[in-house]
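S.K.: What follows is each chain in one-letter form.
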Amino acid sequence: MSKIEINNIYKIFGNKPGSVMQMVRDGATKDEVLEQTGHTVGLDNVSLKIEEGETFVCMGLSGSGKSTLIRHLNRLIDPTEGDILIDGDNVMSFNPEQLINFRRHKMSMVFQRFGLFPHKTVMQNVGYGLEMQGKSESERDKIAMEKIEAVGLNGFENQFPNQLSGGMQQRVGLARALATNSDIMLMDEAFSALDPLIRSDMQKQLIDLQSELKKTIVFITHDLDESLRLGDHIGILNAGKLVQVGTPVDIIMKPADDYVKAFVKDVNRAKVIKAKIIMKKANEVNGIDKSNLIKVYEDQFIEEFLPQIVCTNANCEVVDKSGNIKGYITNKELQSSLTKS
Amino acid sequence: MNIKKDKKLFFNIGLLITFIWLLIISYSSSKRKPDNVGELLNDFSWLQKWPKWLDLPLMKWINIGFKNLNENYGYIFEAINNFLLFLLISLKNFLIQAPWPAVVLGVVVIAYFASGRKIGTTVFVGVCTFFIGFLHPIFWQKAIETTAIMVISIFLCLIFGLPIGILMSRAERIRNKILPILDLMQTIPAFVYLIPGIMLFGLGAVPAIIATFIYAVPPLVRLTDLGIRLVDTEVIEAADAFGASKKQKLWGVQIPLALPNIMQGINQCTMMALSMVVIASMIGTRGLGDEVLLGLQQLNVGRAAEAGIAIVLLAIVLDRITQSYGETLQERSAPAKKEKK
Numbered sequence: 000m001s002k003i004e005i006n007n008i009y010k011i012f013g014n015k016p017g018s019v020m021q022m023v024r025d026g027a028t029k030d031e032v033l034e035q036t037g038h039t040v041g042l043d044n045v046s047l048k049i050e051e052g053e054t055f056v057c058m059g060l061s062g063s064g065k066s067t068l069i070r071h072l073n074r075l076i077d078p079t080e081g082d083i084l085i086d087g088d089n090v091m092s093f094n095p096e097q098l099i100n101f102r103r104h105k106m107s108m109v110f111q112r113f114g115l116f117p118h119k120t121v122m123q124n125v126g127y128g129l130e131m132q133g134k135s136e137s138e139r140d141k142i143a144m145e146k147i148e149a150v151g152l153n154g155f156e157n158q159f160p161n162q163l164s165g166g167m168q169q170r171v172g173l174a175r176a177l178a179t180n181s182d183i184m185l186m187d188e189a190f191s192a193l194d195p196l197i198r199s200d201m202q203k204q205l206i207d208l209q210s211e212l213k214k215t216i217v218f219i220t221h222d223l224d225e226s227l228r229l230g231d232h233i234g235i236l237n238a239g240k241l242v243q244v245g246t247p248v249d250i251i252m253k254p255a256d257d258y259v260k261a262f263v264k265d266v267n268r269a270k271v272i273k274a275k276i277i278m279k280k281a282n283e284v285n286g287i288d289k290s291n292l293i294k295v296y297e298d299q300f301i302e303e304f305l306p307q308i309v310c311t312n313a314n315c316e317v318v319d320k321s322g323n324i325k326g327y328i329t330n331k332e333l334q335s336s337l338t339k340s
Numbered sequence: 097m098n099i100k101k102d103k104k105l106f107f108n109i110g111l112l113i114t115f116i117w118l119l120i121i122s123y124s125s126s127k128r129k130p131d132n133v134g135e136l137l138n139d140f141s142w143l144q145k146w147p148k149w150l151d152l153p154l155m156k157w158i159n160i161g162f163k164n165l166n167e168n169y170g171y172i173f174e175a176i177n178n179f180l181l182f183l184l185i186s187l188k189n190f191l192i193q194a195p196w197p198a199v200v201l202g203v204v205v206i207a208y209f210a211s212g213r214k215i216g217t218t219v220f221v222g223v224c225t226f227f228i229g230f231l232h233p234i235f236w237q238k239a240i241e242t243t244a245i246m247v248i249s250i251f252l253c254l255i256f257g258l259p260i261g262i263l264m265s266r267a268e269r270i271r272n273k274i275l276p277i278l279d280l281m282q283t284i285p286a287f288v289y290l291i292p293g294i295m296l297f298g299l300g301a302v303p304a305i306i307a308t309f310i311y312a313v314p315p316l317v318r319l320t321d322l323g324i325r326l327v328d329t330e331v332i333e334a335a336d337a338f339g340a341s342k343k344q345k346l347w348g349v350q351i352p353l354a355l356p357n358i359m360q361g362i363n364q365c366t367m368m369a370l371s372m373v374v375i376a377s378m379i380g381t382r383g384l385g386d387e388v389l390l391g392l393q394q395l396n397v398g399r400a401a402e403a404g405i406a407i408v409l410l411a412i413v414l415d416r417i418t419q420s421y422g423e424t425l426q427e428r429s430a431p432a433k434k435e436k437k
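Those protein sequences? They're chains R and Z, same order as listed.
Following the numbering used here, the numbering of the first sequence begins with 0 at its first residue and continues without gaps.
Following the numbering used here, the numbering of the second sequence begins with 97 at its first residue and continues without gaps.
Where hints are given, some of them may not hold.
Using 20 angstroms as the maximum straight-line C-alpha spacing, the simulated DMTMM-like pairs for lysine to aspartate or glutamate come out as follows [as the list claims (entries may be wrong)]:
id, chain 1, residue 1, chain 2, residue 2
1, R, Lys105, Z, Glu268
2, R, Lys273, R, Asp319
3, Z, Lys342, R, Asp77
4, R, Lys119, Z, Glu333
5, R, Lys15, Z, Glu330
6, R, Lys119, Z, Glu268
7, Z, Lys342, R, Glu4
8, R, Lys214, R, Glu4
9, Z, Lys345, R, Asp319
10, R, Lys275, Z, Asp328
In case anyone wonders, no lab produced these hints; they're calculated from the structure.
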């Protein structure tokens with residue numbers, strides 16, 4: 000059973016969403032629907048499975064429906080049609096009380112513009128989810144303090160959010176989401192409002208935290224580099240449709256259509272592709288020049304051994320951790336794998 | 097869908113029928129109608145000048161209704177009258193019997209804490225308060241009478257205005273129904289409700305309180321509604337995402353964040369209430385307003401001006417106190433600004 004399962008979700012914005020459902024099902028595009036009926040198609044038949052403990056990145060340009068999609072998971076937005084299963088429970092069947100309970104314990108969320116409460120201190124902000132869970136103040140403060148330390152904000156717990164910089168505010172947002180100890184974390188363009196250096200810092204912090212906590216994270220972004228760095232799987236949305244779901248390498252090596260191709264064309268492939276992806280297996284290779292070989296590990300990114308190869312014009316021998324030869328990469332293959340498609 | 101359409105059609109037909117019924121009533125109840133209806137078809141002179149029989153007997157209806165109200169439900173108004181009068185007199189006597197330096201000191205202390213311990217504002221308010229009595233000894237008591245009426249009116253405004261504003265912000269339908277009533281309250285000339293007020297409550301302070309309430313409550317309702325609706329959507333989403341119930345959201349997030357706007361509403365409410373003081377003096381309410389009126393009646397420009405200045409001073413005192421409290425609140429929720437030294 001997947002942790003999160005989305006089945007055939009449609010979301011249409013407008014006065015009478017039901018009236019245009021048939022049109023959308025018959026395959027009308029977003030523009031056609033808008034022109035003929037004045038309704039906006041937010042999501043068009045999206046189905047997804049997200050496994051426990053993985054980071055799923057949902058990517059698309061603005062207006063592609065990614066923020067709409069993430070808000071369906073905790074029902075900040077209700078779909079026009081379709082089912083959402085979390086741990087096998089149909090979220091759509093929840094009554095208001097169950098929904099509140101579900102939001103308190105199952106999910107937490109980080110927002111693009113932080114969504115902090117300006118009238119509460121950092122400590123109270125971080126403890127907000129716990130307050131909703133009904134925990135006592137002393138317990139709240141204890142957990143909040145732990146999380147504030149985990150994101151490196153010690154000493155700021157009694158400040159108000161507007162006294163902090165953007166990066167620090169988002170750390171508070173992250174700590175608030177971590178504090179409820181929910182299995183699922185939703186991150187809506189969480190780092191998009193931060194400047195590049197701080198963003199990269201926060202990404203690293205998230206990766207470190209995730210390696211420890213193993214939460215299921217759904218991350219929304221419009222930045223391909225960010226999605227490649229964070230995602231175990233990436234889903235690409237275009238005009239409300241899910242055009243491709245796959246691992247970062249899948250997306251780069253086998254883009255499903257022109258839209259995805261356009262997306263990945265400027266990416267630094269050497270940073271994303273590992274040696275084992277492009278190597279030819281040892282038993283399939285023959286007639287390779289073994290006189291001038293450089294040893295690389297299978298999990299190394301191309302970026303890491305590329306300079307050596309350029310300088311020496313050598314071929315690569317790919318080995319695993321215990322030194323067994325797994326395959327070879329010729330200079331030529333390396334070149335072609337790095338060429339933009 | 098069809099039911100909705102039918103409903104609208106029936107509603108419109110109903111309106112049309114009511115209109116025709118009103119026409120018939122006004123025609124048949126008029127004393128100046130032609131001897132028989134047929135004449136209207138022969139002699140078209142009634143199309144030229146507005147005919148005397150085309151006259152809705154609204155005046156008669158209201159007079160009958162008002163008389164019934166007064167005769168049958170007079171005891172309700174008497175009870176309201178007694179209650180308000182009791183509050184007013186207790187407050188007034190308390191302030192008048194207190195030694196005047198104590199009252200000035202009390203105002204200064206309130207100003208000090210409301211302004212967030214700003215010395216400048218506090219001193220200014222203190223000086224203004226002192227000058228009210230300094231202008232003319234009799235103004236001290238008059239100003240207290242005026243203030244007592246205002247405090248009771250504003251108290252009424254808060255009791256009714258805040259809940260109505262909150263309701264409006266939560267349901268579009270309620271807002272659409274209340275907005276025209278607020279427009280009516282703000283545009284209808286004050287004398288239209290002052291005079292019936294006298295008939296229901298008798299001459300004196302109570303009709304002035306009621307009139308002040310009608311005149312001053314709309315800005316409070318509007319700003320409460322606006323303030324709650326203007327709370328950042330992402331902050332509201334954050335509260336929702338962490339499972340806040342409606343009540344927790346309202347008291348924990350929406351109202352605290354709307355408070356600067358609500359305080360602005362109370363400030364506006366106070367200012368409008370004060371501007372009602374002079375008008376209310378015309379129905380025999382004692383206070384600073386009747387000094388202005390006396391000055392005018394005696395063509396004593398100096399006396400009227402002196403009283404006018406006293407009213408302005410009172411306005412400044414009340415404005416500074418309510419305004420600065422709002423500002424203190426606002427500083428926290430506004431984006432960080434550079435510290436002024």
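S.K.: Hint by hint, note whether the structure agrees.
M.R.: Evaluation of the provided hints:
1. R:Lys105 <-> Z:Glu268: Violated - the C-alpha atoms of Z:Glu268 and R:Lys105 are around 32 angstroms apart, more than 20 angstroms.
2. R:Lys273 <-> R:Asp319: holds, 12 angstroms
3. Z:Lys342 <-> R:Asp77: Given pair Z:Lys342, R:Asp77 holds - Cα atoms ~17 angstroms apart, limit 20 angstroms.
4. R:Lys119 <-> Z:Glu333: With a Cα-Cα distance of about 16 angstroms, the restraint between R:Lys119 and Z:Glu333 holds, given a limit of 20 angstroms.
5. R:Lys15 <-> Z:Glu330: Status violated; Cα separation ~25 angstroms.
6. R:Lys119 <-> Z:Glu268: violated, 29 angstroms
7. Z:Lys342 <-> R:Glu4: The given pair, whose Cα atoms are some 28 angstroms apart, is violated under the 20 angstroms limit.
8. R:Lys214 <-> R:Glu4: Given that 20 angstroms is the threshold and the Cα spacing comes to 16 angstroms, the pair holds.
9. Z:Lys345 <-> R:Asp319: Not satisfied, since the Cα-Cα distance of roughly 55 angstroms exceeds 20 angstroms.
10. R:Lys275 <-> Z:Asp328: At roughly 48 angstroms apart (the allowed maximum being 20 angstroms), Z:Asp328 and R:Lys275 break the hint.
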